[in-house]
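J.: Chain by chain, the residues:
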Amino acid sequence: MKLIIKSLLIAIALTCSAQIAVAEENVVHVYNWSDYIDEDEQVNANFTAATGIKVVYDVFDSNEVLEAKLLAGGSGYDVVVPSAGFLARQIQAGVFQKLDKSKLPNIGNMWDVVEQRVEQYGPLNEYSVNWHWGTTGIGYNEGMINERMENAPTTSLAMIFDPDVVSKFADCGVHLLNAPTEIIPAALAYIGEDPSTTDAEVLKKAEPVIEKIRPYIQKFHSSQYIDALANGDICLVIGWSGDIFMAQYAAWDAENGVEIVYAIPDEGALMWFDQLAIPKDAPHPDNAHQYINWTMDPEQIALATNWVWYANGNLASQPLLDEELFNDPAVYPTPEVLEGLYTVPTYDAATQRVVTRLWTKITTGY
Amino acid sequence: MNIKEIQVPSFLRRAFNGRNAAISIPYLWLLLLFLFPFVIVLKISLAQPVIAMPPYTPLFSWGDSLWPKIQAGLDSYLFLFSDSLYIKAYLSSIKIATISTVLTLIIGYAIAYSIARAPTRWRGILLMLVILPFWTSFLIRVYAWIGILKTEGLLNLALMTLGIIEKPLIIMNTDLAVYIGIVYSYLPFMILPLYANLEKMDMNLLEAAADLGCRPFKTFWNVTIPLSLPGILAGCFLVFIPVIGEFVIPDLLGGTKTLMIGKVLWGEFFYNRDWPVASAVAIIMLLLLVVPIIFYQKSQEKAIS
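Heads up: the sequence lines are chains A and B, in that order. If you want this note's numbering, it's the position in the first sequence, counting the first as 1, plus 233. Counted from 1, the second sequence has number 120 at position 125 by this note's numbering; the numbering is strictly sequential.
Just so you know, these hints were derived from the structure itself, not from any lab. A couple of the hints might just be wrong.
Stated by the list, open to error - Every beta carbon over 12 Å from chain A, so not counted as near; a handful from chain B, in silico: (1) Arg112; (2) Leu122; (3) Met123; (4) Leu127; (5) Thr131; (6) Ser132; (7) Ile165; (8) Met167; (9) Leu233; (10) Gly240; (11) Val272; (12) Met280; (13) Leu281; (14) Ser300.
To be verified - Think about it this way: if two alpha-carbon atoms lie no more than 25 Å apart in a straight line, the pair counts; the simulated BS3-like pairs of lysine-lysine are: (15) B/Lys38 / A/Lys452; (16) A/Lys438 / B/Lys252; (17) A/Lys513 / A/Lys437; (18) A/Lys302 / B/Lys195; (19) A/Lys594 / B/Lys83; (20) B/Lys83 / B/Lys252; (21) B/Lys195 / B/Lys293; (22) B/Lys162 / B/Lys252; (23) A/Lys302 / A/Lys513; (24) B/Lys90 / A/Lys594; (25) A/Lys452 / A/Lys594; (26) B/Lys64 / B/Lys38; (27) A/Lys334 / A/Lys401; (28) A/Lys445 / B/Lys293; (29) A/Lys452 / A/Lys438; (30) A/Lys336 / A/Lys513; (31) A/Lys331 / A/Lys401; (32) A/Lys513 / A/Lys334; (33) A/Lys594 / B/Lys297; (34) B/Lys252 / A/Lys452; (35) B/Lys38 / A/Lys437; (36) B/Lys90 / A/Lys452; (37) B/Lys293 / B/Lys90; (38) A/Lys287 / A/Lys302; (39) A/Lys445 / B/Lys252; (40) B/Lys195 / B/Lys64.
It should be emphasised that the depicted structure is a prediction, and the values quoted were computed from it without experimental measurement. All C-beta atoms in this analysis are idealised placements derived from N, C-alpha and C, irrespective of residue type, glycine included.
The task is simple: from the sequences and hints, build the whole structure.
T.: Written out as structure tokens, the structure reads:
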């Protein structure tokens, strides 16, 4: 017994001293999305080389998981990357600190177009800077679609929301994101309603639209479609642009003959933003500012962008981007298409409940 | 100085003698890892959701008065009964758990029985094979089933190559896939208690039955099964109870129509950010499980006495 207590005490002492050591160390704890930086995390390595600050880099795969950690408090992270809608609510909840712009000399590199769009969610530019942004659109397997329908309306939401069209693809597998705030606005855009609405009555109009195509949807899931699309297990999806490009790359890499295409729908698409921000209880706020400033360096962000194949919010980095990437209108939309992209504001608690309940009814039938 | 000279109050001495200390460890365990978290969840379930850190109202608020104001309400519980979704989800979870438990029992009994009746030198190896999958992460094993069951998966490929079917079977993303995943994942929990029971069964009883002219199947039904009842009960509860709250398997293998309380709870917590309602869902689930747990306890007590 004595021995156990003794060893326990030693273990506790060791943990404590280890923690003290970490606090004194020159580190920054970054929590970012999975597969969201260049392959070898060169951006982080360069940061350590330039500043001597070690980067502890962790990844998450859903805004919800990040939010639960942040709301519980004491996450221990210095820099996190929530999407704009979530960030706006988290700012309201008092999760984040305002950025000290005097510590961010690179902020002049940022792209005002993106900053203006982000501002639609609230005072986000005071608390965050953009990492990457993208759209929610249509991904499809070209061969499988052509086989089943000639001249399929591949750049229209009719692909998904017209029962006559989508029913043709039911046998090769159709997935939708399991994210009410992505799919409900898309359904509204398809029937010509305002996708940015927060009016519960208008939101409810999406239900019959999705209900009609419900029998042809194999699954509502927010990550399985990447592999499934790349392997040819499914042929059509509403998903996030970068994920679909990832599937495209995976199929190309596997040389399995699968051709994946991403299209921004003509009816408009949701434009989303992932923003770097610093929690109020960040243990190393100074290092966090230095890290964020580093990501706004055109060369560094270009390293990540050229790998993840999303658009970034850094204007100065555009000449450094892969030409194929920068000229791809599915990644960097033309000004006209950009005009048609919409954002979805943060719903209040009551509206959120209506949306979630609507979604449960749509997805499960209950 | 002699240690015995130190005066320790007798009640303290009694409390800290070796035997009591040993007994208190499981209680301490329960207190720390069950009761304490339970009280926290209960507390959250009585609060109101707010946009704040943490996202629910505090139970006590200190105003100008001397005493704290208690803010607690049963709103979250009432809400669960205002929408049929939750009741349906509970019932659906119970249904899925019951069917999977029966399936696991049938398969698990056959396996446990054959291991227990195998030659002694084989038993260790066979038992090891049952436990072997635990060496790999649970998540990876469930993912492996996606590879087997999907439309272009191993199962369909094999069946089509053999010419048994022409069109691929749609198993992935259906309730059937969920049952396969659950039965596979929980099988060891059924086999191990059954094996422990069957292995120590007195073979003389079976011989006696045979000597008296009882047919093998009748012997199995009238002697083996009743004697293994404690093992059956233990295995069934070990499977039924965790399956009720299962989230990973229905999420990965199930289709959109698979309704389970674990998924509903996840949605309340993550999508609605309504921690109080999520906590209420969890508390009611616990209350539902208390019934079979008490039942199990009773049967265990009977088995011991």
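J.: It remains to establish, for every hint, whether it holds in the given structure.
T.: Hints, verified against the model:
1. Non-interface call for B/Arg112 relative to chain A: holds, since the shortest CB-CB distance, roughly 42 Å, exceeds 12 Å.
2. The claim that B/Leu122 lies off the interface holds: its Cβ sits roughly 31 Å from the closest Cβ of chain A, which is beyond the 12 Å cut-off.
3. Every C-beta of chain A lies more than 12 Å from that of B/Met123, the closest at about 30 Å, which supports listing it as non-interface.
4. Once the 12 Å rule is applied to beta carbons, B/Leu127 is consistent with being away from chain A; the minimum gap is 26 Å.
5. Taking the minimum C-beta to C-beta distance to chain A, about 19 Å, the non-interface status of B/Thr131 holds against the 12 Å cut.
6. Every CB of chain A lies more than 12 Å from the CB of B/Ser132, the least distance being 16 Å, so the non-interface label holds.
7. Once the 12 Å rule is applied to beta carbons, B/Ile165 is inconsistent with being away from chain A; the minimum gap is 9 Å.
8. With a least CB separation of 8 Å from chain A, B/Met167 falls inside the 12 Å interface cut-off, contrary to its annotation.
9. Separation of B/Leu233 from chain A is adequate, the least Cβ-Cβ distance of about 28 Å exceeding the 12 Å criterion.
10. Distance check for B/Gly240 against chain A: the nearest CB is about 18 Å away, which clears 12 Å, and the non-interface claim stands.
11. A beta-carbon of chain A comes within 12 Å of the beta-carbon of B/Val272; the shortest separation is about 9 Å.
12. Every beta carbon of chain A lies more than 12 Å from that of B/Met280, the smallest distance being close to 17 Å; the non-interface claim holds.
13. No beta-carbon of chain A comes within 12 Å of the beta-carbon of B/Leu281; the shortest separation is about 20 Å.
14. Every beta carbon of chain A lies more than 12 Å from that of B/Ser300, the smallest distance being close to 32 Å; the non-interface claim holds.
15. Proximity of B/Lys38 to A/Lys452 is assessed by CA-CA distance (about 36 Å); at most 25 Å being required, the pair is judged violated.
16. Distance hint between A/Lys438 and B/Lys252 is fulfilled; the C-alpha atoms sit about 22 Å from each other, no more than 25 Å.
17. Restraint check for A/Lys513 and A/Lys437: not satisfied, since their Cα atoms lie roughly 37 Å apart, outside the 25 Å limit.
18. Distance restraint check for A/Lys302 and B/Lys195: the Cα-Cα separation of roughly 49 Å exceeds the 25 Å cut-off, and the hinted pair is therefore not satisfied.
19. Only pairs whose Cα atoms come within 25 Å are accepted, and A/Lys594 paired with B/Lys83 is accepted, the gap being roughly 12 Å.
20. A threshold of 25 Å between alpha carbons decides the hint, and for B/Lys83 with B/Lys252 the separation of about 12 Å falls inside it, so the pair holds.
21. With a C-alpha separation of about 22 Å, the suggested pair B/Lys195 and B/Lys293 falls inside the 25 Å cut-off, and the hint holds.
22. Proximity of B/Lys162 to B/Lys252 is assessed by CA-CA distance (about 23 Å); at most 25 Å being required, the pair is judged to hold.
23. For a cut-off of 25 Å, the pair hint linking A/Lys302 to A/Lys513 stands: about 13 Å separates their Cα positions.
24. The straight-line distance between the Cα atoms of B/Lys90 and A/Lys594 is roughly 20 Å, inside the 25 Å bound, and the hint therefore holds.
25. A C-alpha spacing of about 14 Å is found between A/Lys452 and A/Lys594, which places the hinted pair at or below 25 Å, so the restraint holds.
26. Pair hint B/Lys64 plus B/Lys38 holds up; C-alpha atoms about 15 Å apart against a cutoff of 25 Å.
27. For the hint linking A/Lys334 to A/Lys401, the alpha-carbon distance of about 53 Å lies beyond 25 Å, and the restraint is violated.
28. Distance hint between A/Lys445 and B/Lys293 is unfulfilled; the C-alpha atoms sit about 51 Å from each other, more than 25 Å.
29. Taking the CA atoms of A/Lys452 and A/Lys438, the gap is about 22 Å. The hint holds against a cut of 25 Å.
30. Of the supplied pair hints, the one linking A/Lys336 and A/Lys513 holds, its CA atoms being roughly 16 Å apart against a limit of 25 Å.
31. The hinted pair formed by A/Lys331 and A/Lys401 fails the criterion: a straight-line CA distance of about 51 Å is larger than 25 Å.
32. Pair hint A/Lys513 plus A/Lys334 holds up; C-alpha atoms about 16 Å apart against a cutoff of 25 Å.
33. For the given pair, A/Lys594 sits about 46 Å from B/Lys297 by alpha-carbon distance, which is inconsistent with the 25 Å threshold.
34. A C-alpha spacing of about 9 Å is found between B/Lys252 and A/Lys452, which places the hinted pair at or below 25 Å, so the restraint holds.
35. About 34 Å separates the Cα atoms of B/Lys38 and A/Lys437, which puts this hinted pair outside 25 Å; it is violated.
36. Note on B/Lys90 and A/Lys452: the hinted pairing holds, with a Cα-Cα distance of about 22 Å set against a maximum of 25 Å.
37. Distance hint between B/Lys293 and B/Lys90 is fulfilled; the C-alpha atoms sit about 23 Å from each other, no more than 25 Å.
38. A distance of roughly 23 Å separates the Cα atoms of A/Lys287 and A/Lys302; the hinted pair therefore holds under the 25 Å criterion.
39. Under the criterion of a C-alpha separation no larger than 25 Å, the hint pairing A/Lys445 with B/Lys252 is consistent with the structure, at around 15 Å.
40. This hinted pair does not check out: B/Lys195 and B/Lys64 have alpha carbons roughly 60 Å apart, beyond 25 Å.
Of the numbered hints listed earlier, those contradicted by the structure are 7, 8, 11, 15, 17, 18, 27, 28, 31, 33, 35 and 40.
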